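**Q** My request is simple: use the sequences and hints to build the entire structure.
Listed below, chain by chain, are the residues.
Number of protein chains: 2
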Amino acid sequence: MSRPNSRDRALRERAAAVIPGGMYGHQSVGLLPDDYPQFFARAEGAHLWDVDGNRYLDFMCAYGPNLFGYANPEIDAAYVRQLGLGDTLTGPTELMVRLAEEMVALVTHADWAIFCKNGTDATSMALSTARQHTRRKTIIRAKGAYHGAATWCVNRPAGTVPSDQAHQIFCDYNDVASLEAAAALAGDDLAAIFAAPFKHDAFIDQADPDLAYARKAREICDRTGALLIVDEVRAGLRLSRDLSWSRIGVQPDLSTWGKCLANGHPISMMLGADKAKKAASQIYVTGSFWFQAAPMAAALETLRLVRDTDYLERLQTLGDRLADGLRERASAAGFGFRVSGPVQMPLFLFEDDPDLRKGFCWSSEMLNRGVYVHPWHNMFMCAAMTEGDIDAALNAAEAAFAVLKQQGPSLEPVAKMSFLTASHR
Amino acid sequence: MSRPNSRDRALRERAAAVIPGGMYGHQSVGLLPDDYPQFFARAEGAHLWDVDGNRYLDFMCAYGPNLFGYANPEIDAAYVRQLGLGDTLTGPTELMVRLAEEMVALVTHADWAIFCKNGTDATSMALSTARQHTRRKTIIRAKGAYHGAATWCVNRPAGTVPSDQAHQIFCDYNDVASLEAAAALAGDDLAAIFAAPFKHDAFIDQADPDLAYARKAREICDRTGALLIVDEVRAGLRLSRDLSWSRIGVQPDLSTWGKCLANGHPISMMLGADKAKKAASQIYVTGSFWFQAAPMAAALETLRLVRDTDYLERLQTLGDRLADGLRERASAAGFGFRVSGPVQMPLFLFEDDPDLRKGFCWSSEMLNRGVYVHPWHNMFMCAAMTEGDIDAALNAAEAAFAVLKQQGPSLEPVAKMSFLTASHR
Numbered sequence: 001m002s003r004p005n006s007r008d009r010a011l012r013e014r015a016a017a018v019i020p021g022g023m024y025g026h027q028s029v030g031l032l033p034d035d036y037p038q039f040f041a042r043a044e045g046a047h048l049w050d051v052d053g054n055r056y057l058d059f060m061c062a063y064g065p066n067l068f069g070y071a072n073p074e075i076d077a078a079y080v081r082q083l084g085l086g087d088t089l090t091g092p093t094e095l096m097v098r099l100a101e102e103m104v105a106l107v108t109h110a111d112w113a114i115f116c117k118n119g120t121d122a123t124s125m126a127l128s129t130a131r132q133h134t135r136r137k138t139i140i141r142a143k144g145a146y147h148g149a150a151t152w153c154v155n156r157p158a159g160t161v162p163s164d165q166a167h168q169i170f171c172d173y174n175d176v177a178s179l180e181a182a183a184a185l186a187g188d189d190l191a192a193i194f195a196a197p198f199k200h201d202a203f204i205d206q207a208d209p210d211l212a213y214a215r216k217a218r219e220i221c222d223r224t225g226a227l228l229i230v231d232e233v234r235a236g237l238r239l240s241r242d243l244s245w246s247r248i249g250v251q252p253d254l255s256t257w258g259k260c261l262a263n264g265h266p267i268s269m270m271l272g273a274d275k276a277k278k279a280a281s282q283i284y285v286t287g288s289f290w291f292q293a294a295p296m297a298a299a300l301e302t303l304r305l306v307r308d309t310d311y312l313e314r315l316q317t318l319g320d321r322l323a324d325g326l327r328e329r330a331s332a333a334g335f336g337f338r339v340s341g342p343v344q345m346p347l348f349l350f351e352d353d354p355d356l357r358k359g360f361c362w363s364s365e366m367l368n369r370g371v372y373v374h375p376w377h378n379m380f381m382c383a384a385m386t387e388g389d390i391d392a393a394l395n396a397a398e399a400a401f402a403v404l405k406q407q408g409p410s411l412e413p414v415a416k417m418s419f420l421t422a423s424h425r
Numbered sequence: 001m002s003r004p005n006s007r008d009r010a011l012r013e014r015a016a017a018v019i020p021g022g023m024y025g026h027q028s029v030g031l032l033p034d035d036y037p038q039f040f041a042r043a044e045g046a047h048l049w050d051v052d053g054n055r056y057l058d059f060m061c062a063y064g065p066n067l068f069g070y071a072n073p074e075i076d077a078a079y080v081r082q083l084g085l086g087d088t089l090t091g092p093t094e095l096m097v098r099l100a101e102e103m104v105a106l107v108t109h110a111d112w113a114i115f116c117k118n119g120t121d122a123t124s125m126a127l128s129t130a131r132q133h134t135r136r137k138t139i140i141r142a143k144g145a146y147h148g149a150a151t152w153c154v155n156r157p158a159g160t161v162p163s164d165q166a167h168q169i170f171c172d173y174n175d176v177a178s179l180e181a182a183a184a185l186a187g188d189d190l191a192a193i194f195a196a197p198f199k200h201d202a203f204i205d206q207a208d209p210d211l212a213y214a215r216k217a218r219e220i221c222d223r224t225g226a227l228l229i230v231d232e233v234r235a236g237l238r239l240s241r242d243l244s245w246s247r248i249g250v251q252p253d254l255s256t257w258g259k260c261l262a263n264g265h266p267i268s269m270m271l272g273a274d275k276a277k278k279a280a281s282q283i284y285v286t287g288s289f290w291f292q293a294a295p296m297a298a299a300l301e302t303l304r305l306v307r308d309t310d311y312l313e314r315l316q317t318l319g320d321r322l323a324d325g326l327r328e329r330a331s332a333a334g335f336g337f338r339v340s341g342p343v344q345m346p347l348f349l350f351e352d353d354p355d356l357r358k359g360f361c362w363s364s365e366m367l368n369r370g371v372y373v374h375p376w377h378n379m380f381m382c383a384a385m386t387e388g389d390i391d392a393a394l395n396a397a398e399a400a401f402a403v404l405k406q407q408g409p410s411l412e413p414v415a416k417m418s419f420l421t422a423s424h425r
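Chains as they are written, first to last, in our numbering: chain A, 1 to 425; chain B, 1 to 425.
Don't read these hints as lab results, they were simulated from the structure. Keep in mind that this is a model prediction, so the values were computed, not measured. Careful: at least some of the hints might be erroneous.
Claimed, not checked - Taking lysine to any residue pairs in the SDA-like style, the calculated list, with each CA pair at most 25 Å apart, reads:
#  : chain 1 : residue 1 : chain 2 : residue 2
1  : B       : Lys405    : B       : Gly334
2  : B       : Lys277    : A       : Asp242
3  : A       : Lys278    : B       : Ser418
4  : A       : Lys278    : A       : Asp242
5  : B       : Lys277    : A       : Pro157
6  : A       : Lys277    : A       : Phe419
7  : B       : Lys278    : B       : Ser418
8  : B       : Lys278    : A       : Ala158
9  : A       : Lys278    : B       : Glu328
10 : B       : Lys137    : B       : Asp175
11 : B       : Lys278    : A       : Phe419
12 : A       : Lys143    : A       : Phe170
Said to hold, decoys possible - If you want the footprint, here are the derived chain A segments under chain B, 3+ residues with CB under 8 Å:
#  : segment
13 : 42-49
14 : 57-68
15 : 148-157
Heads up, the beta-carbon is just placed ideally off N, CA and C, and yes, glycines get one too.
**A** Right, here's the structure in full:
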């Protein structure tokens, strides 16, 4: 099977001339199978179309922002309506206060909010808030966890200097002993513990948060006066109508949010407890577009849908249907195939697949059948998906497993993923 | 004269409960006269309305983003049209390539582009690109210059640690000897020289770039292999249809842009020369909303207006009319009153006004007459302004000078600006 791709190829050539590397960041397809399209033309609900007109059921959901469906009519109408009144002005609008009030009402640990644009803006200001609050320097975070692309947290050293990541101690996520050892090493200089709400690193199985680990992080912060920061940027609103750690009963002092907060419109935020409010008011943080009113209008409409619809239960049901169905079909085809993490944000990995040659082949076969999955990054469900969509994905998966079974023995190594076998595993 | 302000006061109280400090960043009115409104309701063209219905001719233009008028129909239509097709997707659209191509065509020094959201994203990635390109650490930048709100460049130390600003040497803008001394101190570790396109620091007179200074920066970079970075975030597209230093014939290796690039829609960028392209492709930079298509559609429409209209000549004419008219009226009223910087981005300061009591009084009187000016930050002209608007502002100014003349001897010190007399002057 082969889809048209001439427009995508032509655009890639033009892009290579005027964009470093042809593309950059998390939306570069450099580490995806070669047949994945780089450029898209439009999107609606749970589907998107590439520039060559191929249609996909999209399990990436823009890497998270799409929660209620692309081009959601209610949310986009709220955006456009506010755009006509005023968006980027010489000051904020009333919507900023309303949005802060609604977030405080929704999220148990939150007493206040600061809005920004990038997820990285939120995690960076959480770092500064904790250092200002404690007047200490050291932070603990988990090896391999992603907290953004600023030099203090980026996982690739190019362009950074060693001092960018000074005063940081790394532990293993879900490993209580390693967390305790890190805290001991920090001594009386601990400013904050960063925690992802669950382990959602790329290339490896995801893992739910261990209750003992979460409690230990809280306990260390209570004992030392450091702040506990949960980085909810990727998971926020997909696992809970509250901070996702509310499900295990552990409340942080600060949390960071973004991605789907306004269903794809650009806004992120830090939420905090009263005890950190003064420090948050002392740091200087800002951005040209942080006070935009239209994304706040879209966020308010998104929150209305969060409160008033069964989107969360639907994501759970659809996610279970997908995960169970995939496991069944993989097993029937004789594959060791792991679906890890919360079913609303699943990650798929084949057993015995160190350079991802099985994952790449299977994902390409899914793509050929109109289903966009990712071979090494967690995916995202959206509320616009239907049971019919999931069943279509499962049918595609069955066919893709069959092709993989046939081609498996003759699969070539995936050269561009060889770094995985060299270092990660 | 007193304007209604009850809604603004009520919103400030609600904001104080759920937003640290009641407001934050550059749009907080904390350091403006007490009667300045914090919250706005709508905007159109050159005017905005606060939440109490007061209308202002707005010389802040959202601190820069408003170049072609608030709610510009052509630009916003382009945004909304693209929003209906697709905005934040699982990959970029063709518009990203077109926008990069158009920027490369417009800006002399540019061979490529990377798009982002905040101005700080652009300056931060310029820093990383220069460090990666040179494999060196040290940067030179001018004392007091604003290059963003990340910890490496923020001017307020709260929440930062000393290592955040390691490997930085400061010089005096427009002072060739101080630039040479900084370069000598950097020795063989110089990665980059940052330069504002003109001196646009707060609280003090603005200054055009000195040609000898700009050439010296270029020469040092050529001699050492360091990269010259011009931070055009604030000035871009207001002084030139090219990088503003093209007017003095000095080309940088990297430039950073934002603010009015899409007339208020959220997008910023780094442009670069071919020699830095490889390094730019090696750093890891990204953000959840950096690939948004709608702001790129708006930027393309903004660039069309940049190319096809006489907006730039109009800004110059209107700016001259404003600056000349103000100087005339100030002088007639017997005030030493300085209008500094390019007339499209003027800054107003009174002589003998160390705690800005004259500036605050006069600005408040302007506000009372429906003209929003800033007492210590540069302002921004937009192409939606008319000669009639400028004349209205000049009439307001004449009346405000008269009030100031009357009240001058009895003006109280401005307590919240006392830090200026303690440290800056």
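**Q** Against this structure, judge whether each hint is valid.
**A** Hints, one by one, checked against the model:
1. Note on Lys405(B) and Gly334(B): the hinted pairing holds, with a Cα-Cα distance of about 8 Å set against a maximum of 25 Å.
2. Proposed proximity of Lys277(B) and Asp242(A) is contradicted: the alpha carbons are some 43 Å apart, above 25 Å.
3. With a C-alpha separation of about 22 Å, the suggested pairing of Lys278(A) with Ser418(B) holds against the 25 Å cut-off.
4. Using a Cα cut-off of 25 Å, the hinted pair Lys278(A) and Asp242(A) holds, with the two alpha carbons roughly 24 Å apart.
5. Pair hint Lys277(B) plus Pro157(A) holds up; C-alpha atoms about 17 Å apart against a cutoff of 25 Å.
6. Between Lys277(A) and Phe419(A) the CA atoms are separated by roughly 43 Å; this puts the pair beyond 25 Å, and the hint is violated.
7. With a CA separation close to 48 Å, the supplied pair Lys278(B) and Ser418(B) exceeds the 25 Å bound.
8. For the hint pairing Lys278(B) with Ala158(A), the CA-to-CA distance comes to about 11 Å; that is within 25 Å, so the pair holds.
9. Using a Cα cut-off of 25 Å, the hinted pair Lys278(A) and Glu328(B) is violated, with the two alpha carbons roughly 46 Å apart.
10. Restraint check for Lys137(B) and Asp175(B): satisfied, since their Cα atoms lie roughly 23 Å apart, inside the 25 Å limit.
11. Straight-line distance between C-alpha atoms of Lys278(B) and Phe419(A) comes to about 20 Å, which keeps the hinted pair within the 25 Å bound.
12. Distance hint between Lys143(A) and Phe170(A) is fulfilled; the C-alpha atoms sit about 6 Å from each other, no more than 25 Å.
13. Check on the segment 42-49 of chain A: 3 of its residues sit with their Cβ under 8 Å from a Cβ of chain B, so the three-residue criterion for coverage holds.
14. By the rule of at least three residues with a Cβ nearer than 8 Å to a Cβ of chain B, the coverage given for the segment 57-68 of chain A holds, with 8 such residues.
15. Here the segment 148-157 of chain A counts 7 residues with a CB under 8 Å from a CB of chain B, which clears the bar of 3, and the coverage holds.
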